[in-house]
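Student: Turn these sequences into a full structure, and let the hints guide you.
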Amino acid sequence: TVETPNGDGTTDGDPTNDPTVTPIAQNAGMVVTKVVTTGGSAVGDVLSYDIIVTNTGNVTLTDIEIDDPNADAGSIVGSPIAVLAPGASATVTAEQTITQADVDAGYIENSAIATGDSPSGTDDVVDVSDAGDETVETPNGDGTTDGDPTNDPTVITIDELAGMEIVKTANYVDNGDGIDNAGDSVVYTIEVTNTGNVTLNNLILDDVLLNFDGQTLTLDGAGVEYISGTLGSSEGTVQVGEVVTYTATYTIQQDDVNSGGISNSVFGEAATLQGTVITDTSDDGDDEDGNTEDDPTETIFVLNPSISLLKSFLPLEDDNGDGIAGGLDDIIRFVFTVQNTGNTTLFNVNIIDPLPGVTVTGGPIAELDPGEVDDFTITATYQITQDDIDLGIVINLASVSSVDPDGEFVTDFSDDPNNPEDADIDGDGDPDDRTVTEVNSIVDIEVIKTVDITEPVVGDEVVFTIEVANVGNVNLVNVLIDEELPSGYAFVSATTTSGDYSELNGEWLIPEMGVGQVHILQITAEVLGIGNYVNVAFLSSIEDKTDDNPDNDSSEAVVEPICLTVYNEFSPNGDGINETFVIDCIERFPNNRLEVYNRWGNLVFAADSYKNDWGGTSNGRAVVSGSQDLPVGTYYYILDLRDGTEPRNGWLYINR
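Numbering (our numbering), first residue to last: 20 to 675.
Derived by calculation from the structure, the hints in this document are not laboratory data.
A couple of the hints might just be wrong.
[Claimed, not checked] Subject to a maximum C-alpha distance of 20 Å in a straight line, what follows is the list of computed DMTMM-like cross-link-like pairs (lysine to aspartate or glutamate): (1) Lys630 with Glu598; (2) Lys564 with Glu465; (3) Lys564 with Glu579; (4) Lys630 with Asp662; (5) Lys564 with Glu606; (6) Lys564 with Glu522; (7) Lys630 with Asp563; (8) Lys630 with Asp648; (9) Lys564 with Glu526; (10) Lys564 with Asp409; (11) Lys564 with Asp501.
[What the hints assert, rightly or not] For each label pair, taking beta carbons as the anchor points, the in silico distance ranges come out as: (12) Gly151 with Pro34: 44 to 54 Å; (13) Arg607 with Ser521: 34 to 44 Å; (14) Thr653 with Pro530: 22 to 32 Å; (15) Arg607 with Pro530: 43 to 53 Å; (16) Ala442 with Asp393: 17 to 27 Å; (17) Gly251 with Ala385: 55 to 65 Å; (18) Thr565 with Gln405: 18 to 28 Å.
Beta carbons: idealized from backbone N, C-alpha and C, even for Gly.
Tutor: Okay, structure coming up:
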């Protein structure tokens with residue numbers, strides 16, 4: 020029944036003469052082992068593999084092809100294997116360059132496939148490489164294995180070294196006024212560098228911004244914004260060695276300046292492909308500050324607390340109704356203008372005014388921000404005294420005190436913007452001129468001069484009365500009055516209610532004259548027969564003062580002397596010379612009466628309306644006959660002018 024096979028699937032068709040055939044079972048098989056001969060763990064390292072193919076069957080295998088999907092192109096050497104006898108082994112080599120994806124994964128899983136032909140040619144002989152460790156089973160990824168220690172891939176583990184460094188730097192941007200203050204801004208640059216060997220994903224940055232008082236601050240706008248990566252990564256991904264840049268801006272507030280600065284740190288978090296989460300806190304990039312890592316980025320403000328005080332006054336008013344604005348007992352109303360000229364808020368702003376008698380109202384000002392001006396909270400009033408009137412001005416220098424955020428006192432002396440002196444008392448570069456208020460001081464001396472007899476007889480005494488009155492509102496010292504007698508008088512005596520009068524130079528010095536005081540000088544003088552009779556008294560000077568009203572500074576008294584000179588010796592002897600008793604100007608007094616008495620008191624001559632015509636004869640009670648000449652001798656006369664003045668009397672001598 021058996022026909023000899025022809026080898027092509029047919030038989031010879033003859034069931035006779037067939038050889039005796041003993042069938043031999045064919046068992047084609049092979050085992051492939053893949054081992055690493057040269058290792059590596061960094062991107063770009065080249066792994067070398069030996070792929071060992073062993074014929075485990077009983078037939079020769081031919082044309083064995085090695086397929087290694089992980090091998091670098093052209094790196095497989097020794098494939099195909101032309102013939103592999105049973106029990107024989109052949110080695111094929113291959114190379115693989117490590118990629119970033121391999122490192123990110125943390126391992127390289129590599130299997131080679133060998134495909135060969137058996138003698139029967141019916142089926143390919145195929146085997147997947149094993150790692151050569153029969154105790155290792157292929158993991159299923161869920162913590163279990165496949166239960167088969169064969170055909171396990173060759174696995175090269177790469178250690179994951181994940182790392183990143185965050186550096187945050189600050190650029191201070193002034194608002195144009197040249198000082199550190201609110202309104203300036205800080206532009207932050209945040210650079211995240213992948214310092215490890217694996218790609219970082221899902222990068223999240225949390226920015227923590229505080230001022231030096233611990234107050235949490237909020238960045239401007241959207242906060243931290245992505246700019247770019249040096250390797251072109253999209254936001255959230257950082258390749259190995261790549262630097263990605265973010266930016267943020269913050270506008271400085273007054274509380275920040277008061278605190279002295281702001282501190283900023285960024286907390287970064289990212290994950291690797293293997294699920295490892297890494298973090299880093301930003302550094303300021305300055306390793307010379309004694310802290311080489313993770314120190315916050317600080318912006319320190321240059322604090323310049325400063326305050327300015329101006330002191331002025333409102334127009335003076337007539338508060339007491341005496342018609343003089345800014346006079347005695349009127350009120351000076353002071354205005355204080357306080358300005359914060361620094362860059363920090365000032366607290367408990369108060370004004371100290373040392374002027375005795377001043378009343379300061381209002382205040383303290385709780386807070387005063389930089390640039391803020393307060394000209395209404397604190398005021399002061401002052402009632403004008405007589406000392407102020409005497410001086411003519413009220414001089415005052417106030418001061419302001421405040422406290423800066425550090426608890427330090429900030430002060431300034433007041434300045435009067437209307438005072439051009441520009442004195443800098445406290446040396447802060449700002450003027451501290453005193454506030455000078457000119458009060459309404461009226462210096463006015465009134466001089467009134469009178470004489471008791473305006474028409475004295477030559478030789479009579481007259482009394483000049485000089486009244487000097489302080490009719491202003493200023494107490495005065497050393498008031499000098501010029502009262503020099505003219506040539507028509509001879510000084511007799513003087514009395515004063517104050518001070519001294521010098522007849523030598525005609526000066527009357529009054530040491531003090533209070534407001535409203537009147538002092539009197541009385542001068543007794545003899546009226547001379549010739550000379551100037553116009554007597555003028557005038558204000559010469561006042562110590563440290565000038566009289567505001569010169570119209571009443573002088574006064575004069577004039578007399579018109581009566582020329583009643585009595586020529587008390589005559590000689591009625593008929594020679595035509597000095598024949599009668601002559602009284603000068605007697606004709607001016609037509610109502611006069613002259614009486615002449617001898618030494619015994621007997622009336623020897625009397626006449627009404629005497630006309631200088633008596634020649635020494637008697638017409639009185641007689642010791643001689645009525646028409647007899649009186650003898651040589653001394654007689655006594657009484658002349659009554661009958662004008663209300665006292666009768667005049669004296670001695671006369673008759674010489675024959």
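Student: None of the hints should be skipped; say for each whether it holds.
Tutor: Checked hints:
Taken as a hint, the Lys630 and Glu598 pair is honoured in the structure, with Cα atoms around 13 Å apart against an allowance of 20 Å. Note on Lys564 and Glu465: the hinted pairing holds, with a Cα-Cα distance of about 15 Å set against a maximum of 20 Å. Among the hinted pairs, Lys564 with Glu579 is inconsistent with the structure: their alpha-carbon atoms are about 37 Å apart, more than 20 Å. Of the supplied pair hints, the one linking Lys630 and Asp662 holds, its CA atoms being roughly 17 Å apart against a limit of 20 Å.
A threshold of 20 Å between alpha carbons decides the hint, and for Lys564 with Glu606 the separation of about 53 Å lies outside it, so the pair is violated. Straight-line distance between C-alpha atoms of Lys564 and Glu522 comes to about 25 Å, which puts the hinted pair past the 20 Å bound. Straight-line distance between C-alpha atoms of Lys630 and Asp563 comes to about 60 Å, which puts the hinted pair past the 20 Å bound. At most 20 Å may separate the alpha-carbon atoms for a hinted pair to count; Lys630 and Asp648 meet this at roughly 19 Å.
In summary, the hint linking Lys564 to Glu526 is supported, as the alpha carbons are separated by about 18 Å, within the 20 Å threshold. For the suggested pair Lys564 and Asp409, the alpha carbons sit about 10 Å apart, so the restraint of at most 20 Å is met. Taking the CA atoms of Lys564 and Asp501, the gap is about 17 Å. The hint holds against a cut of 20 Å. In this structure the supplied range 44 to 54 Å holds for Gly151 paired with Pro34, their Cβ-Cβ distance being about 52 Å.
For the pair Arg607 and Ser521, the supplied restraint of 34 to 44 Å holds, since their beta-carbon distance comes to about 37 Å. A hinted range of 22 to 32 Å is violated for the C-beta pair Thr653 and Pro530, which are about 52 Å apart. The hinted window of 43 to 53 Å between Arg607 and Pro530 holds, with their beta carbons roughly 45 Å apart. The hint said 17 to 27 Å for the Cβ distance between Ala442 and Asp393, and at roughly 24 Å that hint holds.
With their beta carbons about 56 Å apart, Gly251 and Ala385 fall inside the hinted range of 55 to 65 Å. At about 19 Å, the beta-carbon gap between Thr565 and Gln405 stays in the expected band of 18 to 28 Å.
Hint violations for this structure: numbers 3, 5, 6, 7 and 14, all remaining hints satisfied.
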